[in-house]
Amino acid sequence: PELHEEALRVEQCALGDPRTACFYARRSIELLVEWVYDNDSQLQRPFGYGTLADLVNGSDFRELARDQLSRFRLLRELGNKAVHRMDPIRVGDAVLAAAELFQVLRWLVLTYGREPERVRGQRFDPALLPSKAAADAAQVQSREQLEALAEQLAERDQQLRDQRLASLASQEEVERLRAEVTALRKANQAAAKPDPELPEWATRKGYIDHYLEEAGWRLGAGCTHEEEVQGMPNATGQGFVDYVLWGDDGKPLALVEAKRTSRDPMDGQHQAELYANCLEQRYKQRPLIFLSNGYRHRLWDDLRYPPRDVQGFYKQAELVTLIRRRETRQALSTAPISSSIAGRYYQQRAIRAIGESLEKGRRKVLLVKATGTGKTRTA
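Counted from 1, the sequence shown has number 348 at position 348 by my numbering; the numbering is strictly sequential.
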C-alpha cells in the first residue's frame, strides 16, 4: 500500500511540482528495492552497505534486474538532484520519472505478481497524468522541505520494517513467506514472454536529454536538436542530426546519434558517419561521434580509434581536449624509453610492440612474461 501511495504522488505532482515528483519517484524505488531484499530468500544484501546505490548495485540484485538497472539509476539520480541540488527540475524530467517508474513497477509485477499477465504489454500514457491545475492544488514543496522529509521518511521506514518483522510469529514463518515469494518469482521467470519494444520518445526526449544536461549541455545553448545538414547520399541531399554539441568557436565538437532503447546503439554507426562527413565538409572540423540508445553510450573518434563504451556524454572542455589531441598526439612507437627503468632488450621490444598496437587503433593489449623478466618495469 505504501509503495502504491508514493507512486500516486509521482503522477499527481509530475506536471505541477516536478521536483516533488522526482523525489517521490526515488522514494518509490527505494521502497521497492527494500521489499525485494526483505522478501526474496535468494537475495543477499551487500555486506556493510545500505544506501540505495549500494543495494541496486549488489551482485544479486544486478543479476535479477539486469534489464532495469538503467531505470533505477535514472530515478535515483533525478531524486538526488531534486533534494540536493539547486538546478531547476523540468516538467520533462518529472514525466520521464513517472514513465520509468511505471516500467519498474510493471517489472515488479511481472517478476513477483500472482497475475503477471494483467500488466504484460501495458504502456505508460503521459496524457493520463493529472492536469497542472490539479497538481497545483497541493502545496509545492521546496528543496529544503524535501530534504527534511527524506530524513523523516528514512527513519519511519526502518521502524515500520522492524515492526513488520516483529509481527511475524517466528523466524520459521519469515522463511516460509520468503520461500513462497522466491518460488513465485521463479515461476514467473520461467513463463516470461518478450514484451513489445518501448516507444522511441523515451529514448530521445528522456534519457539522452537528461544525460546531456548532466554533462552541462542545454538545448539551444551549445546543443542543437535535429540539426539540418546537406550532402547526404539521398534524393534531397538533406539530413537531420539528432544532436550536435558545439564549441565556443561555432564548430561542431560531437554529434549524438540516438536509437531505440531496444536496439544496439551501434545500429546507427553508418548514419552517424555520414552526418560527420557533412559537418566536417561545412565546418572543416570532424566531430566526435556518440552512439546512444539512452541506456548505453559509445564514443567513436573515427579518425583514430574504434567505438568504445563510455558512462555518459562528455563535457565541452573534455571534447575540446580530445579534438586538440588529434594535432598534438605523438607517435608511441618512437617515444624514448628510459633504459634506467626498462633497459633489457626484450623489455624495450615489448614496449615498442605495445605502442605499435595502440597506434593501429587497438584499445587492449595482453603482455605475457615469465617470472623475473621485469613485468613491473615494463608496465
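Bear in mind the hints are in silico, worked out from the structure with no lab data behind them.
Being a predicted model, the structure only gives us computed values, none of them experimental.
We put the beta carbon where it would ideally sit given N, CA and C, even for glycine.
Be aware that one or more of the hints could be misleading.
What the hints assert, rightly or not - Straight-line alpha carbon distances no greater than 25 Å define the calculated DSS-like cross-link-like pairs of lysine-lysine that follow:
hint: 1; residue 1: 360; residue 2: 375
hint: 2; residue 1: 251; residue 2: 186
hint: 3; residue 1: 284; residue 2: 315
hint: 4; residue 1: 284; residue 2: 251
hint: 5; residue 1: 375; residue 2: 364
What the hints assert, rightly or not - Using C-beta positions, here's what the derived DEER-type ranges look like:
hint: 6; residue 1: 285; residue 2: 235; range: 24 to 30 Å
hint: 7; residue 1: 343; residue 2: 54; range: 33 to 39 Å
hint: 8; residue 1: 235; residue 2: 38; range: 57 to 63 Å
Hints, verified against the model:
1. 360 x 375: holds (23 Å)
2. 251 x 186: With a Cα-Cα distance of about 54 Å, the restraint between residue 251 and residue 186 is violated, given a limit of 25 Å.
3. 284 x 315: holds (21 Å)
4. 284 x 251: Given pair residue 284, residue 251 holds - Cα atoms ~8 Å apart, limit 25 Å.
5. 375 x 364: holds (17 Å)
6. 285 x 235: 24 to 30 Å: holds (28 Å)
7. 343 x 54: 33 to 39 Å: Violated, since residue 343 and residue 54 (Cβ atoms, about 47 Å apart) do not stay within the stated range.
8. 235 x 38: 57 to 63 Å: holds (60 Å)
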